[in-house]
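Participant: Please arrange chain B on chain A, whose structure you already have, making use of the hints.
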Amino acid sequence: MALIFHRGIIANSQFFSRSSGVLFRRLRASRSCTSARGEGTANTLKEELIQVAPKRALEPNTHGFEAIIGIETHVQLFTLTKAFCSCPYVYGSRPNTTICPVCMGHPGTLPVLNSKVVEFAVKLGLALNCGLSMTSKFDRKHYFYPDLPKGYQISQFDIPIATKGFIDVDLPVEFGGGHRRFGITRVHMEEDAGKLLHSETGSYSQVDLNRAGVPLLEIVSEPDMRSGLEAAEYAAEIQRLVRFLGISNGNMQEGSLRCDVNVSVRPIGQSKFGTKVEIKNMNSFSAMSRAIDYEISRQVLLHSLGQSDQIFQETRLWEEGAQKTFTMRKKEGLADYRYFPEPDLPEVVLTKEFVDKLCQGLPELPEAKRRRYEKMDLAMQDVLFLANDNHVAEFFDASLENGADPKLAANWIMGDISAFLKNERLSITEIKLTPFELSELIASIKNGTISGKIGKEILFELLAKGGTVQSLIEEKDLVQASLIFLIVDPAAIEALVDKVLAANPKQLEQYRAGKTRLQGFFAGQVMKESKGKANPLVLNKILGVKLKGES
Amino acid sequence: MPPPPVRSPSRLLLCHCRLPFHISPQTRLPLSHNSSVRRRFHCSAVSAVSALSSDPQIAPTDLTTTPPSSHILSIRESLLSRRRTAADVAGEYLDRLRRTEPHIRSFLHVSETTMREAEEVDRLVASGKDLGPLAGVLVGVKDNICTAGMPSTGGSRILEGYRPPFDATAVRKLKEAGAIVIGKTNMDEFGMGSTTEGSGFQVTANPWDISRVPGGSSGGSAAAVSAKQCVVSLGSDTGGSVRQPASFCGVVGLKPTYGRVSRFGLMAYASSLDVIGCFGASVIDSAIVLNVVSGHDRFDSTSSTHEVPDYASFLMSTDHFESTPLKGLKVGMIRETIGDGVDVGVISSIKAAALHLEELGATITEVSLPSFSLGLPAYYVLASSEASSNLSRYDGVRYGNRATVDELNSLYGDSRADGLGPEVKMRILMGTYALSAGYYDAYYKRAQQVRTLIRKSFKDALEKMDILVSPAVPSPAYKIGEKVNDPLAMYAGDIMTVNVNLAGLPALVVPCGFVEGGSAGLPVGLQMIGSSFSEEKLLRIGHIFEQTLPNYRFVPPLFLELV
Numbered sequence: 001m002a003l004i005f006h007r008g009i010i011a012n013s014q015f016f017s018r019s020s021g022v023l024f025r026r027l028r029a030s031r032s033c034t035s036a037r038g039e040g041t042a043n044t045l046k047e048e049l050i051q052v053a054p055k056r057a058l059e060p061n062t063h064g065f066e067a068i069i070g071i072e073t074h075v076q077l078f079t080l081t082k083a084f085c086s087c088p089y090v091y092g093s094r095p096n097t098t099i100c101p102v103c104m105g106h107p108g109t110l111p112v113l114n115s116k117v118v119e120f121a122v123k124l125g126l127a128l129n130c131g132l133s134m135t136s137k138f139d140r141k142h143y144f145y146p147d148l149p150k151g152y153q154i155s156q157f158d159i160p161i162a163t164k165g166f167i168d169v170d171l172p173v174e175f176g177g178g179h180r181r182f183g184i185t186r187v188h189m190e191e192d193a194g195k196l197l198h199s200e201t202g203s204y205s206q207v208d209l210n211r212a213g214v215p216l217l218e219i220v221s222e223p224d225m226r227s228g229l230e231a232a233e234y235a236a237e238i239q240r241l242v243r244f245l246g247i248s249n250g251n252m253q254e255g256s257l258r259c260d261v262n263v264s265v266r267p268i269g270q271s272k273f274g275t276k277v278e279i280k281n282m283n284s285f286s287a288m289s290r291a292i293d294y295e296i297s298r299q300v301l302l303h304s305l306g307q308s309d310q311i312f313q314e315t316r317l318w319e320e321g322a323q324k325t326f327t328m329r330k331k332e333g334l335a336d337y338r339y340f341p342e343p344d345l346p347e348v349v350l351t352k353e354f355v356d357k358l359c360q361g362l363p364e365l366p367e368a369k370r371r372r373y374e375k376m377d378l379a380m381q382d383v384l385f386l387a388n389d390n391h392v393a394e395f396f397d398a399s400l401e402n403g404a405d406p407k408l409a410a411n412w413i414m415g416d417i418s419a420f421l422k423n424e425r426l427s428i429t430e431i432k433l434t435p436f437e438l439s440e441l442i443a444s445i446k447n448g449t450i451s452g453k454i455g456k457e458i459l460f461e462l463l464a465k466g467g468t469v470q471s472l473i474e475e476k477d478l479v480q481a482s483l484i485f486l487i488v489d490p491a492a493i494e495a496l497v498d499k500v501l502a503a504n505p506k507q508l509e510q511y512r513a514g515k516t517r518l519q520g521f522f523a524g525q526v527m528k529e530s531k532g533k534a535n536p537l538v539l540n541k542i543l544g545v546k547l548k549g550e551s
Numbered sequence: 001m002p003p004p005p006v007r008s009p010s011r012l013l014l015c016h017c018r019l020p021f022h023i024s025p026q027t028r029l030p031l032s033h034n035s036s037v038r039r040r041f042h043c044s045a046v047s048a049v050s051a052l053s054s055d056p057q058i059a060p061t062d063l064t065t066t067p068p069s070s071h072i073l074s075i076r077e078s079l080l081s082r083r084r085t086a087a088d089v090a091g092e093y094l095d096r097l098r099r100t101e102p103h104i105r106s107f108l109h110v111s112e113t114t115m116r117e118a119e120e121v122d123r124l125v126a127s128g129k130d131l132g133p134l135a136g137v138l139v140g141v142k143d144n145i146c147t148a149g150m151p152s153t154g155g156s157r158i159l160e161g162y163r164p165p166f167d168a169t170a171v172r173k174l175k176e177a178g179a180i181v182i183g184k185t186n187m188d189e190f191g192m193g194s195t196t197e198g199s200g201f202q203v204t205a206n207p208w209d210i211s212r213v214p215g216g217s218s219g220g221s222a223a224a225v226s227a228k229q230c231v232v233s234l235g236s237d238t239g240g241s242v243r244q245p246a247s248f249c250g251v252v253g254l255k256p257t258y259g260r261v262s263r264f265g266l267m268a269y270a271s272s273l274d275v276i277g278c279f280g281a282s283v284i285d286s287a288i289v290l291n292v293v294s295g296h297d298r299f300d301s302t303s304s305t306h307e308v309p310d311y312a313s314f315l316m317s318t319d320h321f322e323s324t325p326l327k328g329l330k331v332g333m334i335r336e337t338i339g340d341g342v343d344v345g346v347i348s349s350i351k352a353a354a355l356h357l358e359e360l361g362a363t364i365t366e367v368s369l370p371s372f373s374l375g376l377p378a379y380y381v382l383a384s385s386e387a388s389s390n391l392s393r394y395d396g397v398r399y400g401n402r403a404t405v406d407e408l409n410s411l412y413g414d415s416r417a418d419g420l421g422p423e424v425k426m427r428i429l430m431g432t433y434a435l436s437a438g439y440y441d442a443y444y445k446r447a448q449q450v451r452t453l454i455r456k457s458f459k460d461a462l463e464k465m466d467i468l469v470s471p472a473v474p475s476p477a478y479k480i481g482e483k484v485n486d487p488l489a490m491y492a493g494d495i496m497t498v499n500v501n502l503a504g505l506p507a508l509v510v511p512c513g514f515v516e517g518g519s520a521g522l523p524v525g526l527q528m529i530g531s532s533f534s535e536e537k538l539l540r541i542g543h544i545f546e547q548t549l550p551n552y553r554f555v556p557p558l559f560l561e562l563v
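Protein chains in written order, with UniProt numbering: chain A, 1 to 551; chain B, 1 to 563.
The following block holds chain B by itself, in its conformation from the complex:
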């Protein structure tokens, strides 16, 4: 699809100064006080909010033509202006969740205290006290992220009914910022899978076509945001588990730099690769969530002390975009990601997106990452090795399901045989094998060497380029059941994303186009990769890209039907 011309600067706008996020003086994009902008913003905020409440004044078609706006900011705005109550917002989301959930099945657990917590926010509003940046925002939390008093199973039967005694640091920070955890989202067991078909409990459907997978492993979190069952959600990304479902479900998915967000409370799959990421309907929403959850944590020694900038403040003033706001930006298109084995529709969407970046002023160069193809096998060796170790604790002794046996070996064997699913068992076996005496050097050690190579090739490429782009997935969402019996084909789908985890880099997936499929087409996501701790830059570029991307609006047909 050829990209339409770039809009005039006056159309490139989004936010304004009345929003509670302050623009720092050094903001590169100056803030506008243009009243028309203000009005326009209101309009967009209202459209987002009223769309949710089926406001008859806003035709659903508007949703498909307006650039995505921040749901977080509009909720905040309506709370501060007393236009709506948090209970009202929560009621609406819960109502929609109830209507859509039978089709999508993105939640493993829905909180029973959402309304109470929303009323608490309203009391806070009434008292005039300061509101946290996420006050009244309903957040879906992937089930492998611990929530105190709420079931957290990691999608595994072995932890059925397990309620952690503590909140993950990311969840604690969300709550401190005023967010309300609406529930726990479905996932492939312990993050091992790309479809949610590996969940021990249920399969989540893609809101764009319920016969298709939402991607995985954070499929529940992506589908829930896509279907507006929650405002934003947390996921985790070990080899692409945030970015791939973001692409499949047409939402923004952010995988931060390794160590940017504390892993404390994230059930470990592969500790050296795991990162908590987030989903939002817009880049701003992802940025606001990242703002809240980032930072060093004394409970996670691998969390970074790198300073946390105000990620959202850089996204506020797109109205003063020049006609080429990305002028001078050097974008490298990874050659290895747009060739053989990649869906042609995906390739053309990505090329169109590249063209759009070019029209925004960026220069696009093809770059080659020679070690790219080595990433997949190295990833599966390292991730499986670490998983075989990390999952040893699920033995039925202290928590979770325990087999009823009278002999120690059977206690371990049966508890794990009954509690763990086939994909998890396969990876434990692979990892155990790779770490065994005599094989360690050939597998684990070699994979670590490959990892070093990959890190270096990214570093070299990112010294020449500001960001790298690629598809997030080689294909659009496929049918439920399509790859269940072909694990290698499923693993191959991770080719675009695993290298980024091996290098520990941040990456942002922004919906960029569609390919044929379903009733309204299937979304395709553009992956933008930056150097370590360059989330700020990625979000700014992603935001400009998203706000200027013409014609496509990523609202799934299921949602439109239900509205």
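The shape of chain A in the complex, shown without the other chains:
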């Protein structure tokens, strides 16, 4: 199906002024490019997660003003089928291949609610500490646009499924850290619209309805954020939450998590809000942070120049290239969406049993995880890293269950394992290493069966090929016994130490004169002599005694 109409249509529509149409096109075009190239691998996501915040230097100087930031987040749910029909949704599918008469808005079709949507909404509502509406309803929100097949969006208006909650956030250590609690105004269920694809030549646009009818949860925050960093951390926490809950992949590049940010600025001490500006088109948390900080600076500058009347209620787009926001459209009065109750769908009635069951089935959420890890005496940096990704946290928790030492397990995960994942562009769920083997590995090193160096080799073997620590040790013995099989016999090691000391009288003299750092040199020599087989613990112990000439 090719739904084609002229490009000029868009530029001149009532929604966009002639001049801003260009910007809008660019936005949509860049989105369609994203889909074509299939970006947004798990790996790029991970990086983005780790480096959520902007550099400190970018934070705006607010000169006695404060910024008020509120965020509307759309989370695309990964239900098997769409919200109101049985079409699947697979990101990146060929245009108009996952559509049916219902999501195309054919005459006579009716929506039938996918019960998973309610389940997911309740889970998120509970996770956000919201009150649930035991009886809520759907409403129709009307506007005309080619990507909206029915001419209205099925949404929730005056009775959202969840209201009045909050979310706890830990700010990154490198930006000073700190704990914040942000209010959640509401969470409601709605359906996504399709997409417009604009031709290269610009002479026509096409409608792709694959996304039309995909379930969304819209999360509206209280205007509690004060900086780009806080806003980005809020969004990152929402992403963690939906991933931990298993209700969305939370992928920003694919548009599974979309944030619209409202920013206003007022002099500190003033209770009245300044004019609020909406910012869209931020495709990463770092872009979000930078966009907001740019916008705050822009508004503060206008305020301090006495030109606060030049701040308009408008929608601005973040342009990554320019690192600036630009006007997309000015809001001329409030749009009248003519909401009214959706007559095709019955009320959504929750039972206590249903809610209780979901409540009991909730996984441990990021905030609880962080507090738990904190109690293990892990550094905050480690806590934030481990609790950032539910799969990483699961891996970590599973290795602890097998008796691994928290600090050591954290080090392995954050160090070599994480580096491996990054190099190989894999997620922790895709590696052959099991949490059990990690705990075995840690134990084997701790009890002196293998050295840390050998441990590392085994780790990479486990990561790439799998297997068990035990079998690898044995296998290595068969192939390269000299490398692996440790000499633990003190007499044998003592003999090696004696040999090394005898061969290096000069260094021994220096050591005994107080240059104790030379112990490392001797240890290295002994290890070399043993071809790496000497048990380092035993070696160091014997070496220490011998160096001091106590025997």
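Keep in mind that the hints were calculated from the coordinates and are not lab data.
A few of these clues could be false.
[Unchecked claim] Listed below are the simulated BS3-like cross-link pairs for lysine-lysine, each with C-alpha atoms no more than 30 Å apart in a straight line: (1) B:Lys129 to A:Lys137; (2) A:Lys195 to B:Lys425; (3) B:Lys175 to A:Lys137; (4) A:Lys330 to A:Lys357; (5) B:Lys175 to B:Lys129.
Facilitator: Relative to the frame of chain A, chain B by itself:
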């Protein structure tokens, strides 16, 4: 006209046991094995069938004196007994359709596969396989009900040439029961109107007087059954669109409880009011169709899971009527429907019908529904509001007519300006206004409150009464063009019916008398209203009423002329 005396019980009969509809043991009216009954039935069945084939043995006058019999059952009987083939029956209907259609214009599309489908039924008969309850029955389907591969326009130019990719659930069920969709019937655009003059394509004439309207919006479906262009038909009723044309055309029209029949595939006008209903030449035929199309549908969340009884089985054994088969039945005559503004001829027909019910043993009490007059304005606010929303999808982007323009606003504006008719535009404007910020509370919300009141007043009345009766329309069919320029007068004609939709109740319209007009008088329909999901009771009462109603037979002059 004073009602004639009730006939003796032996004359009150209709059906018999050889028909394939089984009587459940708990049937209130026991089945007769009286051979004379059987013979009589045969006679009546034959009369119906042979009348269609202009059997010279049956004088047309017989048609005006015999109680209406089930065309569905007689077709079934003749197929099972191998007396006629489905192709034969279909040929006859198609032949009559071709002869009458130039006068009546009830169809927007006539199927080209009717004969093929009928031959398919004959193969089934020959193979001895089980036949569906509607095998070989030709059904007209209102054009706002989707039929796969057949045009479905809702009477609107904006959907000219649109062929849905699916069958409406009701149509699917009809087909599964063996029915043959003979074509799509004319209607006021998207159901908005009471005459078919609002159709984007043509005006249908009333078979009783072709200078008059057949009513609407399901005017094509009513006229087609009246003129026997098809056996039964589907319509839709949002504010009276089945019942009003049934009354105008002298056929039985059934508006089921909201949610009884799936709306999936019915082009939405006002979703909270829309119901698919049916037309038949007899109550039994309507009951059989309702049997087939009723039931929960997973594609319509507002369809009811309420059990579907066998509506037709209760109508089988009228031969054992007592002299007062409706004894103990409490009938409430709605006072507000038989006063000012209602045609005197209509009032006297309805009063005569009430008297007839009384003679059948019912007690008639006048009841007042104080909120009755509020129904009309509330209806027009709610229906228009929902319509303004439901019709947003007709934008020319995905299907239907699209204006040739190079700018998005014009794409919407011109496609809709060109494709939608004036009545539809007016209602979209009214509805858009009623839903606008600042007006919502004064209109939509208030109308919803009125709706709650109306629901309650019906509930109260139906706790005291078994059924309520009223005229279906305040007047008989009026002239084509008479009210075209007076929309308020046309809206006022819906006063009898809209309240029932607001309350979501079932209602049955049965022809009950005539008033002067045309060459043979104009039919008047009696509306019987029951509580939710009481179709069974309504059909039983309607059936007894119809079978015992003396002297009037509702066969339009056009049909008689052509026979």
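Participant: Hint by hint, say whether it matches the structure.
Facilitator: Results of checking the hints against the structure:
no. : hint                 : verdict
1   : B:Lys129 to A:Lys137 : violated, 48 Å
2   : A:Lys195 to B:Lys425 : holds, 29 Å
3   : B:Lys175 to A:Lys137 : violated, 35 Å
4   : A:Lys330 to A:Lys357 : violated, 46 Å
5   : B:Lys175 to B:Lys129 : holds, 16 Å
The structure does not agree with the numbered hints 1, 3, 4 stated previously, though it agrees with the rest.
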